[in-house]
Each structure stands twice: as C-alpha cells, then as structure tokens.
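**Q** Here is what each chain is made of, one letter per residue.
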Amino acid sequence: MPRTSGRNKGKVRWSKLYSFSCLRTDTVEDATAQQFGGPGFTRVAFCNQPNLHKKGPFRYPNNSISMTKYNFVTFLPKSLFEQFRRVANLYFLLAAVLSVTSLAAFSPPSVIAPLVFVVGISIAKEALEDWHRFFQDLKVNSRTVKVHVGNGDFVDKPWKALHVGDVVKVVKNDYFPCDLLFLSSSYDDGLCYVETMNLDGETNLKIKRCLEATLALDHDIEIKNFIATIRCEDPNPNLYSFVGNLEFENQLHALSPSQVLLRDSKLRNTDYVYGVVIFSGMDTKVVQNSTASPSKRSRIEKKMDYIIYLLFTVLVLISLISSIGSSLFTQYDMKDWWYLDPSGHDPLFNPKKSPLSGALQFVKALILYGYLIPISLYVSIEVVKVLQAMFINRDIQMYDEETCNSAETRTSNLNEELGQVEMILSDKTGTLTCNQMEFIKCSVAGVSYGGALNEVDLAVSKRMTVDLEKYLSTIEGSGSISQSFDMFQFSISDNSIQKAVKGEDNIKNSNIGNEIYARVGKESTIKGFNFKDEGLLNKNWIDKPQVSDIAMFFRVLALCHTGIPVEDDETRKLNYEAESPEEVAFLIASQEFGFKFCKRTQSAMVLKELDLSSRVEIEREYKLLNLLEFSSSRKRMSVIVSDEDGQIFLLCKGADSIIFDRLANDGKLYQEATNAHLSDYAEDGLRTLALAYRRIEPAEYKKWNSIFTQAKTTIGPEREKLLESASEMIERDMFLLGAVAVEDKLQKGVPECIDKLAQAGLKIWLLTGDKQETAINIGFACSLLRHDMQQIHLNLKKEVNKHEKVLKEDILVQIETAYQATCQEVNKDTPFALVVDGKVLEVVLQSDVRFQFLQLAVNCASVICCRVSPKQKAMITRLVKDYTGKTTLAIGDGANDVGMIQAADIGVGISGMEGMQAVMASDFSLPQFRFLERLLIVHGHWCYKRISKTILYFVYKNIVFGLTLFYYQLYTSFSGEVLYDDWYMVLFNVILTSLPVIALGVLEQDVSSDVCLQFPALYQQGQRNIYFSWTRIIGWIVNAVYASLAIFTLTIYAYSNFAFQKEGMVGDIAHLGATMYTCVIWAVNCQIALVISHFTWIKHLFIWGSISFWYIFLLIYGALPPIDLQRGFRVLPEALGPSPMYWLVTFLVVIVSLLPYFVHIVFQRQFYPMDDHVIQEIKHYRKDVTDSTMWLREQKKSKKKSHIGFSGRVDAKIRYWKEQLRQKKQLIHRSSASSPFF
Amino acid sequence: MLISVIFIPIGVASLLASRDVVEIVDRYETDCIPANYTGDELSFIQDPSSNKTCSRTLTVPKHMKQPIYVYYQLDNFYQNHRRYVKSRNDKQLRSADNANSTSGCDPEDRANGSPIVPCGLIAWSLFNDTYNFSLNNEALTVNTSGISWKSDRDKKFGDNVYPRNFQNGTLIGGKRLDPSRPLSEQEDLIVWMRTAALPTFRKLYGKIEVDLEANSTISVTLENNYNTYSFGGKKKLVLSTTRWLGGKNDFLGIAYLTVGGLCFFLAMAFIVVYLVKPRQLGDPSYLSWNRSPSGH
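Those protein sequence lines, which keep their order, are chains A and D.
Following this note's numbering, the numbering of the first sequence begins with 82 at its first residue and continues without gaps.
Following this note's numbering, the numbering of the second sequence begins with 38 at its first residue and continues without gaps.
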C-alpha cells in the first residue's frame, strides 16, 4: 500500500514520544508457559487457519451472537411455562379444564375466553419483545468486516461468519467484531487508539500496542504467509486481564491485555489495524460480561401477588365451608327432600356417598367463587399499563426536538414503580454530560479571565434581593434608627452581592438588546471553546504588563500535550485529535489565543504564534526533546522542548497540588491568586489544571538526559522507579503561570433536574468509569458536591501487592471511622459526600464489608463511585436494592451501563446517542436526562396512584360480587346454585365494571402536572407507599365485605316472601337475582365515582354509561326469545320496572353500602387531609390565583431540604453569608457598645 | 344530611304503605293431621286413601279491599337447590314440537319409554293442596287466572303444549295436571315453575275479588295433599291485600328510617365537630410539611 507523504501523522514514531513503555521484554517466563493447556487455559487459536477451528477439538462457536430468549421451536412451550408459573394463571387453567367437565359452574366459553385472552396478550408481548431482540441481533451479526481469505486478499464478510483464527482488518471508526489479537496497525510502531466507551464508559482513548514480533505484518500482502499459534485463557468476563502467548516463527511471545482488542470497542485515530480472532461470538469478553436480562416486576405487582394469595385463601376457605355444608346437607337432610328425588344418580348430591359429593362440591365451589380472584384484573392492568405507557410516550414535554426522540416505555409493567423511586444511580458520560469539554476560564499571571458569574451566584443574589426588599418593607413602618443601622451593614457587607445583582442586570440587558448578535455568535461558536473575555482574545493581551508570562502560558497550552492536528478538508481549519477531549479543548483554545499548533513531526512541533515585538504571526519550530507521560499517580505531564534559539524549556501541566509542590521559590509569584481562582473554578465543577514552566540550562539538561535515557533502557522491575525519580529530578523549581478550567459540558437541564429530584427526596449516586478527578468535578457541576461538604474518600493504600485480607481490614477501618464521623451529633448539619474508587469497591463488594459500606453510603448526602467497571455498577445497584430495600432507578446511555440498568428496579436508557445497547436493555428510554424529572415526578406519581387505586378497586368489586354468590349458598343448602343469570356473570367483569376502572387507571390524576412539579413533596407519597399499604388494602377488603353484606341482606329481606308490587306477585329467583345484580352494579360504579378525584367526560361517560348499559342490556336480553334456564326474560319491563320496591331497594342499598366509605373520606378530608387533598382544595377555590404569595410559599416549603442540588447550594451560600453578616454585626455591636457614644 | 332528608320521608311512606296492608296468616300443616295420625304424619300424607280434607276458620281483623291475594307459603323447601332449579326444559314447555326435548330433566325426563311433558323435578313436585273459601256459608270464588306473569303465559308456556305422560312414573310427586288444558292456561304450574329464591317462599294461589269486612269470618275447606312432613316443612295459608309497595313488609320502611336517622346523626356529628374544630377548605396549614415542625 503506497503511502502519501502528506499523511504525516502515520509516520510519526510514537515510541519516541512514549518514552516510558515502549521497550518491553519479549521472552516468556517458564512459569507462565506451563499453565497453558491446563484447566482454564485451554484455548488455542491457529492464526490464519480458521478451517482448523471449524471441526475437531478446537471447534469454537462462530461470531454470531444471540440475545433472544426463545427460538421458533422453544417459544411456545417455554413462554407457556413462564405464563403458568404465575399462580393465578395456573388456577384459571385448572378452572378452564374443569369447566368442560360435568363440574362446571359456568359455561366453558365464559371461563376459557378470558384465560386465553390474558395468556395470549402476555405471550404476544413476549414474542414481540423477542422479535425486536432478534432483529437487533440480526443487524449486529450482519455488519461487515474485511477478512483475509488467502493470498493477501481481504473481502467483506458479515460478522457472524468470523471464526477463531481469522485475520481481520478493521478500519478507522469501526467497531471490533470480536476479541482480537492486535497484530499491527497503520502506524509504524504498532500502536492504535481504542475507544472503550461501550465497555467501561471511559471517554479517553486507550493506546494498544502490538508485539514487536508482529510489527512487520502491516500490509495486506504480508498477512498471506502469516502462521502462528495462540495459547491463552478460556473465555471469561474479565475485561482488564488477559493471559496468553503467541508462538510465532518458533518463538514464544507473552501476550498482555494491551495486545487484545475487545469487541464493542472502537478504533480511533488509526487508519487500520490487523488482528486475529481469539474469542468469537458468545465467548467474547463483552458478551460474557452481559447478564441475562431479568424480567422485572414492580413492587405493587409483587404485593398484588400477596393480595391474590390472601384472596385465594379466602376462596379455599369459603369453598371448604361450602363443600362441607353441602355434604352435611346431602347426608342428613337431603334424603328427606323427596322433591329432589335423592335416589342417587347425581354424583354431586349423593346422600350415600356424601364425602365424595363434598369433594366434588369443593372443586366446583373453587370455580364458582372464582370471581374473588379477578382474572380480569390481569387483563385490565395490562390494558391500563399499555395505555399509560402510551400517554408517557406521547408526552410532548418529553420530546426532544434535537434528536426527534421522545420518551419510550419499553416495559410497560413498571409504570407505577416510577412513583416509588428512592434512589437514582446515574452514569456520567453521555447521561449527565455530553462528553464534550469546553474551555471556560483561565487564570493567567494571577488574573482570572472568562465567564463573569456563575448561576449559583445569580440565584443567591436573586433570593437575597427579595429578602432585602422584604426587609426594607418591614423597616419602613417602624423606621427606628437601630434597624436602619442594621440595614446599612447589610448593604455594605456584601459587595459581592451587589456586584452579582448588577451582573444579572447586565446579562438581562445583553439578552434583550443583542439578540441578533447572539444568533450570529451562536453560529460562529467553536466547539469546545466557550470563552468570552476580551482581555485575552483578539490579541488584546499583548499590551498587558505580564505579557511574557501570558505568552508562555499559551505556549504551554499549545505544546504540552500528545495531540495531533488534522486538517479539515472543508474549512481549512485545524482540528485536533488527542487522547482526551480536554487536550483538544486546550489546543483549540490556544489556537484562538493566537498560538496555533499546526504541525507535529517526529521530533518537533510547529507553532504559529504571535511575535511579541513585531506583532505579526510567525511560524516557530520547537524541538521536542522529551515527553514525560501523564499517569494517574503522577497527575502531571511535561514536555521538554528547545526553541529556535536553543533555549530549553520544561513545560508542565498537572493537578494544582502537584504543581504547587514543585515550584521554585521565585516561581510562586501568582500562587495565591491562582489558588483562589482554582478553588472558585472547582466549586463550579470545572476541571482545572495548573500550568508551569521552567528554563533549563543546557548543561543540566545534558546531565539529566543521560540519567533519563539510562532509566528508559533499564529492563526489570526498577525501571518504573528509575523513570519516576528521573522525572522528579527535572520537574522542580518551576515557575507558575496560571491555571485553566475546562467544563465537562453538562447536558441541558441537568442541574435543574437533579435539583428537583433532590427536592422530591430522591438520592442520587453517580457511578462512572471515569477518573476520580473528573467524577468529582462533575459532582460539583451537578451540585451533587459542595465545598462545605465533608468528603470521605475511600482509597486503597499505595502498596499494591498486599494480601486481600489486609486490604479488607484497611478499608474496614476507613469505613468505620467515616461512619463514626457521620453519626456524630456535631456533624448533624454537615453533609457528607462519599467518593469511592473502583478498586476499593472490588474489595468491598467481594467481601462481607459490604454492609458496613452501605451503611456509610446511605448516611452520606451524595455518593460518587469512580473507575467502576460495568460489572461493579451492576453489583452496586443490586447491593443497594437488596440491602436497603429501596426502589432504585439506574440511568445510563452506553453498553457499560447495561448491567446496572438490568440490575436496578427500573432501568432507564438515554436514547439518541450512539449505540442502542443501553436502550435495548432498559425499561424506559429518554432522549435526555432532564426528562427524568417529568417521568418520575409527574408520570411516576400519577401511575403509582392510578395503579394502586385500580388494583384496590378491582379487589373491592370482585369481593363484593364474589361474596354475594357465597352468601346465597347459605340459603340454598350449599348446593351451588347461583342467583344470577350466566350472562350477568360474564358481563360483570367484561363490560359492566371494566371501563370505569380502566378510565380510572389511565386518566386519574390527583393534581395537575404543573402542581406535581411545583410540589415535589407529593412524590413522597409514593416513596412511603401510603396508597398501597396493608392498612389500605385491608381497609378496602373490609369495605368490600361490608358492602357485599349490605347488598345481600338488604335485598334478601326486602324481597323475602312478600309481594313486591301491587299485583301481588311474589319475587322469585330471577327477580331477586336481577335486583341484587342491579344493586351490585350501582354500588361498585358509584364507589368508583367516589374514588375518582379528577373527572373527565370520559369517566362520566363510562361510569354512568356502564350503569345505563346494564338496564339496556336487561331490556334487550329480556326481549330475546327465552332459552333454557334463562332468567332475564322480560324481567325489567314486566316485573321490576313497574315496581317501586325495586327502585327503592336499589337506592337504599347503594347509599348503605357506600356510607362507611363516604364517611371515611369526609372525615379524612375534613380533619386529616392529605397533601393532595389540600392542594386540590386550593386549586378548586382558585386560591393559587388570588393568594399567590401563599401558593409560592407553600411551594417552597414543600421542597425537601436536601444537601445536594442547585438550590441546596444556594441555601448553603446564603447561610454562609448570613453567618458572616451576623459575625460582623456582633463585631460592630461590640465595638459600638464599648464606644462612648452609645 | 341530604340523604336523611330524602330517606326519612321515603321510610315513613313505605312504612305507612306496609302498615296499610292487611294480612291473614294461618299455619295448618299440624292442625290438619287427624288425631289418629299424630306422630305419624308421613304415613298419613302418603296414604292415598286417607281423608285429607280439613277445615279452618279465619277472622278478618280489618277491612280488606279487593283484590285479596291468596298465597300458600312453604317453609324449608329448597326450590333453589341447584339440582331442582336445573331440572326443567324450557324448550319443551314452549312448543308442542319439542316434546322430546327433555335434557336436564333427569330424573323425571321419561316414563315408560316416552317423554314426560312437562318434564323435570319442578313440574313433577307441583303443589297440590287446594283451598275453598266461604263467607257466611256462601262460597267465595277464588280467581286463579292472572296470577302468573303475562310473559310466561304468552311466551314461555305454549298454548299448544298439553300435559302428556305426566305423573305416570313409579313415583308420584305432586299435583296431576289436566291433560286437556294447554300449559299456558295452567297457571298454578306456571307460578310453581318460577322457582323461589329462598327456602321459605310464598306463591300466589288465586285472588278473591270482593272486599272483606272487618271481623267477618271465613271458613276454608282445604285439602291437605302436599307432603311437607318428610322434611318438616311448614305450610301456611296467607290472605293479603297490597299497596303500591306490595305486601306487608315493614323492612324497607324501617331500613330507610334507620339509614335516614343515621345520616342525620352523622351529619349533626360532623357539624358539631366542625364547629368545635373548623378547617377552612384549602387551608395550607394542613399540608404535611406545615404540620410537623421538623419539616420531614
């Protein structure tokens, strides 16, 4: 492949830059060689000979993956099995089977149809979901990649056709199709950049490095004769380890994780790489890391199971009573009932075999009272949830215009769970942040530039001015001197507030006045650069006094990095590619400041910079002498360059504390100012780095360079140490230039959303794969952390090789002390924040320290876990869920969040980003994090109330109906006769009572969505589960039992024996049945009218429509020609309609059966109103309009005091200022008291 | 409060209506056993040769306006037993063409190889006591037509269906039917076939269409044929007038009064409590965060 000389970046010998780790030992130690072939290390891959893997002992699966639960053959049996694992379904199946035998209480269709419907819907849903998964698999499996087919030819093949041993060529920005051994890349020295976002959520690029031995295989043609054998570990889920060796040209080479390219990571900044398939398909580490997606059920649903069990017990109990009663009657009394001809043909009523009859009766009764267990409950809830989901999906306020995505409910059976969430576990990158760094501020030579005011200050000033005005108005009345004196202090004490207020005004003005300008400005904004300060832009800085320092500052920005410029073909502007987005932001910034980094060669960097004296742009070349790499332990990075004059500089950037320690005595000129600025920046959640430089004498450099080169070439364990000390030698006596602050850009509305969620009493944990510093910065930016918070860091001690037990002890001690601290009375008001590292978690989660850890974590206001692997995310989530018993919600966007999303009670995926794995695994998907607020506080709250009301009402109505059936048995010698016509029974759940309850489940709302958002406290009703507590459930059951008794006794007594109308006719079974049924229909429908607090015309239509439908049905049914055992014939027009008794009984029964509930709610509303009741009343009387101060005051009060979130920060700041004010006041008072004038 | 306002008048009205009804109840099943059969009622009733005639006298307590309904009341008779209720065939009753349709009538479906019309236990056990009334030795006619629902006569019981093969089996149940009259005219059967909902029930026997003066005595000659002795059931003869609400049933009136009174009481209680501890609707101080001083 010919190479154009224009592609300068491919030519760079990176090993020169990365001076630390390029030289490695290639020999394999004997000890490791032996373990291959043993258990756990059986995998052998014959490179370039995939045919060997298609059969025989080394046959491995191909690269197709399947995430589906079923296939065509297993679908029906498996899904049916799943369905009938539910107790209720099994019961209904039993009932259906029995209904076709002689024991039937009802006609078979009336039993089988609902069952088929319920099971059918569930299976269809399951099938649809699996179908989607199947398509997703298909899509992934048919992605193509170039595969070597011999003779150095590469052809496109689908992913699924890959086998172990295949050599593939992956090009830039493509995903790796499977786990590969990295052979060579387009770079001469065998490097490639890999983005592992989908694996661990880390945003910075990782460098992978091939073996020296395979370095030469960097052309298609050279692959032709490549033959080698890989022996390595078996497939396992560990992403960060790999043990294996490569036998190539009769030499063994040890393999390490840095030669392995994992599936689902992406090739970046590298034109192409060659690799050999080691693990394919289901063997890949990513797939091994994924856990089977569990089917989730909400808490309410689980509790509903208990209700079903309870009802089942009742069912069995009354069936038992019935059957015993029946057999007793059959044995002792029935022989005397000649009119029944008890000679014994009928197995159900055989006096001679009464125990058998009793047993049969028992089975029959089980079916008869089946109305207690509402099969339609499952259907209705399914319907309700689907409709609810539709409402959520259609919510225009959760529609993102940018990505044209709306919220999507992927598993509808968790809607109500949204109303009970207590803990949110959030991913960082892509969820809270956009994965985009912006250069915001800098402090150069002790002066801070950029960004006038932050939002917190603005909010504080706003609140303070309101207070101020109030204060003023109170003073006006009294006008006493001392108060105005206070006033005076108040105003002078806080210049900063005044400033802030002014700043706010300025912003307002500029917003209004310069709208056009703003629009223009928007278009020209540079990605990654959000810096507005004329002091530094447009070469204005050149007139400043510390101009040389400023220039040096920019030079550090432009030179101290590992980025490469890439020319944009369209705009001719330079773009940059670097390991981390931060560096890109720095490079862009330096370009804007007039220090354009335009070329990098192997040993030099070219800058286009402003000449200070001539003020023209000139090109300068800097020789790159050494590069001291960034590492998490060093926390700094340096380059040593020499300029055209031969002057040697060490340019360094790094964490402030590290830099400050290494300053020369005369280099601390700006330290104090810079430090102050740094803490300001950090408070705002900005990521800060300090910049410093040092001039090195050539002689000193020479001396040091020899030491450094020696260290570099050392082989063995001391190498790292030597390098460390060498760099330590040169990175000292530096001169501090200033600091920069970049913002890890938050997504729109994230701080506000977190604020609201915190007010609603939700705890938010941040789980990220990113570095601790970044995580903490984001913590500040999202107001999860605050400066007055006490941060607890759990870290491992430096020594790595300690025994695990020792580590555990160490952590335990840390946890214990921290826990003691949080429990102390003194610290009651200080919020704590816990910052945990992934390594600590690894120890903690594996051992029994978990519980202590969790105790501590729960005590902290916010918890941040950094550098956690996907598996750990899932483990933490599970831990929190299991130990605290709280409802957890996990939100994330990438494949690395899948585990956590699946483990949590509710998983939310952010859609619209690249990669759909998180969304596929999630229960809900949102286009943006900020919609979580509406999803939880509005929809969650509503759905929770709706579903709990629906279930309770369902239980109520079925108990009412079912028990009337039972009571009647007492009058029929338990013979199993039913008072109602079969059709009445069928219609009860299908039409006559179903629509209102569905309307309740879909449309009910206690307060409007605005009010929900204004009063986050309402959300706590769900967290405390007050609408579905056992007291409520029992209450409803008692209510139902009462209502059924009332209906039954009143009707029976009203109808017993006597003529029920003027014609003297006596009521028979048909009349009594129809009357009682009318009463049931009225009672349950009026009951729902009492339950509903938000009437829409639909609900009115359904409720009153259901009742009138009953009468219409009765008319039509009665007009049909009579058939066998039909009881509705002309009942209404002939017998009941003209009888005043019928109407009076209905009226009486409805009132009596609803009276207790009515009294209960009146009493509760009057004397113990709940929040939503009061708010409803306020709304009803339009008090929110007439008395808006009260309305706003209550809104404010309803917010839960929380330490996290934006308003928490504002509160803290105000508190801080007030405290200061008080101290000042005291001071003044004291001085004034001592002064002779007072 | 509103409820009590509505309820109390209804209660009073229905109670008055019920009080207006004059009802005479006479229990006769023990008194109509001849002395020599006392203690052995079963053999008496089962002996076809024994004289079942029995006479009773009833005194009219108050003026009774016509029509006076004559009922018989049976007790402990499970007409609502599942086996009993099911044992009929409505198809057969409706049309002569369906004489062979006897499904569900088991065990009284066929006798001597041919279907029974009307089949089933219900028809088979038809009540067969008869009552003859006389006032001052002058016979009172009891009108036995119009005692069933019109729809039953017109639609359910065919006018071309004649009893056939009825009570011809080995066991004789209740009344025999006149094979020359169609079922639609045999209203006692139609009434009987309307199975009662409760084990104690009344059924209409006929109507006396003259007014009865207070304190007049009626003598009843009845034939005590029906066997309630085997299961210890009572038999009663009932004469009753009706008002707009039906027969003499105080229950509804009392229930309305009770509920009305209860509502009144509750309303008063609420008012009292409200006066003692008033709460303005929409008063924000009742919000949960205002009630507990610590906030949450």
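Just so you know, the hints here were simulated from the structure itself, not pulled from any lab data.
Glycine included, every Cβ here is placed at the ideal spot set by N, Cα and C.
Warning: the hint list may mix true and false statements.
What the hints assert, rightly or not - BS3-like cross-link-like pairs, simulated, lysine-lysine; straight-line CA separation at most 25 Å:
#1 D:Lys271 x A:Lys416
#2 A:Lys1143 x D:Lys240
#3 D:Lys128 x A:Lys1143
#4 D:Lys314 x A:Lys1143
#5 D:Lys273 x A:Lys1143
#6 D:Lys314 x A:Lys416
#7 D:Lys123 x A:Lys434
#8 A:Lys433 x D:Lys123
#9 D:Lys273 x A:Lys416
#10 A:Lys238 x A:Lys159
#11 D:Lys192 x A:Lys1143
#12 A:Lys1143 x D:Lys244
#13 A:Lys802 x A:Lys783
#14 D:Lys244 x A:Lys1260
#15 A:Lys287 x A:Lys783
#16 D:Lys123 x A:Lys1143
As the list claims (entries may be wrong) - Derived list of chain D stretches under chain A, where covered just means 3 residues or more per stretch with a C-beta under 8 Å from a C-beta of chain A:
#17 65-74
#18 79-89
#19 187-197
#20 213-227
#21 249-261
#22 309-315
What the hints assert, rightly or not - Computed Cβ-Cβ distance ranges for the label pairs, DEER-style:
#23 A:Leu398 x D:Leu53: 49 to 59 Å
#24 A:Glu1300 x D:Ala306: 49 to 59 Å
#25 A:Leu1171 x D:Met305: 35 to 45 Å
#26 D:Leu53 x A:Leu1171: 27 to 37 Å
#27 A:Ile1115 x D:Gly206: 31 to 41 Å
#28 A:Thr394 x D:Asp248: 57 to 67 Å
**Q** State for each hint whether it applies.
**A** Each hint, compared with the structure:
1. For the suggested pair Lys271 (chain D) and Lys416 (chain A), the alpha carbons sit about 18 Å apart, so the restraint of at most 25 Å is met.
2. Using a Cα cut-off of 25 Å, the hinted pair Lys1143 (chain A) and Lys240 (chain D) holds, with the two alpha carbons roughly 15 Å apart.
3. A distance of roughly 31 Å separates the Cα atoms of Lys128 (chain D) and Lys1143 (chain A); the hinted pair therefore is violated under the 25 Å criterion.
4. A distance of roughly 50 Å separates the Cα atoms of Lys314 (chain D) and Lys1143 (chain A); the hinted pair therefore is violated under the 25 Å criterion.
5. Proposed proximity of Lys273 (chain D) and Lys1143 (chain A) is supported: the alpha carbons are some 21 Å apart, at most 25 Å.
6. The hinted pair formed by Lys314 (chain D) and Lys416 (chain A) fails the criterion: a straight-line CA distance of about 65 Å is larger than 25 Å.
7. Restraint check: the Cα-Cα separation between Lys123 (chain D) and Lys434 (chain A) comes to about 21 Å, which is no more than 25 Å; the hinted pair holds.
8. With a C-alpha separation of about 21 Å, the suggested pairing of Lys433 (chain A) with Lys123 (chain D) holds against the 25 Å cut-off.
9. Restraint check for Lys273 (chain D) and Lys416 (chain A): the C-alpha separation of about 24 Å stays at or below 25 Å, so the hint holds.
10. Our distance criterion of 25 Å between C-alpha atoms is broken by Lys238 (chain A) and Lys159 (chain A), whose separation comes to about 34 Å.
11. Using a Cα cut-off of 25 Å, the hinted pair Lys192 (chain D) and Lys1143 (chain A) holds, with the two alpha carbons roughly 23 Å apart.
12. At roughly 13 Å between alpha-carbon atoms, Lys1143 (chain A) and Lys244 (chain D) fall within 25 Å of each other, so this suggested pair holds.
13. Straight-line distance between C-alpha atoms of Lys802 (chain A) and Lys783 (chain A) comes to about 21 Å, which keeps the hinted pair within the 25 Å bound.
14. A C-alpha spacing of about 64 Å is found between Lys244 (chain D) and Lys1260 (chain A), which places the hinted pair above 25 Å, so the restraint is violated.
15. The straight-line distance between the Cα atoms of Lys287 (chain A) and Lys783 (chain A) is roughly 32 Å, outside the 25 Å bound, and the hint therefore fails.
16. Distance restraint check for Lys123 (chain D) and Lys1143 (chain A): the Cα-Cα separation of roughly 30 Å exceeds the 25 Å cut-off, and the hinted pair is therefore not satisfied.
17. For the stretch 65-74 of chain D, the stated coverage by chain A is not satisfied: 0 residues place a CB nearer than 8 Å to a CB of that chain, which falls below the threshold of 3.
18. A stretch counts as covered by a chain when three or more of its residues have a beta carbon under 8 Å from one of that chain; for the stretch 79-89 of chain D and chain A the count is 0, and the coverage is violated.
19. With a threshold of 8 Å between beta carbons, the proposed coverage of the stretch 187-197 of chain D by chain A holds, since 4 of its residues qualify and at least three are required.
20. Coverage of a stretch by a chain is defined here by at least three residues with a beta carbon nearer than 8 Å to that chain's beta carbons; for the stretch 213-227 of chain D and chain A the count is 0, and the condition is violated.
21. Residues of the stretch 249-261 of chain D with a Cβ under 8 Å from some Cβ of chain A number 0, which does not satisfy the need for three, so the listed coverage is violated.
22. Restraint check on the stretch 309-315 of chain D versus chain A: 3 residues with Cβ-Cβ distances below 8 Å, three needed, restraint holds.
23. A hinted range of 49 to 59 Å is violated for the C-beta pair Leu398 (chain A) and Leu53 (chain D), which are about 44 Å apart.
24. Range check, Glu1300 (chain A) to Ala306 (chain D): about 53 Å between beta-carbon atoms, so the 49 to 59 Å window is met.
25. At roughly 22 Å, the beta carbons of Leu1171 (chain A) and Met305 (chain D) sit outside the given window of 35 to 45 Å.
26. Hint check: Leu53 (chain D) to Leu1171 (chain A), Cβ distance near 32 Å, so the stated range 27 to 37 Å holds.
27. The given range of 31 to 41 Å is broken by Ile1115 (chain A) and Gly206 (chain D), whose C-beta atoms sit roughly 55 Å from each other.
28. For the hinted restraint 57 to 67 Å between Thr394 (chain A) and Asp248 (chain D), the CB-CB distance of approximately 60 Å keeps it satisfied.
When the structure is compared with the earlier hints, violations turn up for hints 3, 4, 6, 10, 14, 15, 16, 17, 18, 20, 21, 23, 25, 27 and for no others.
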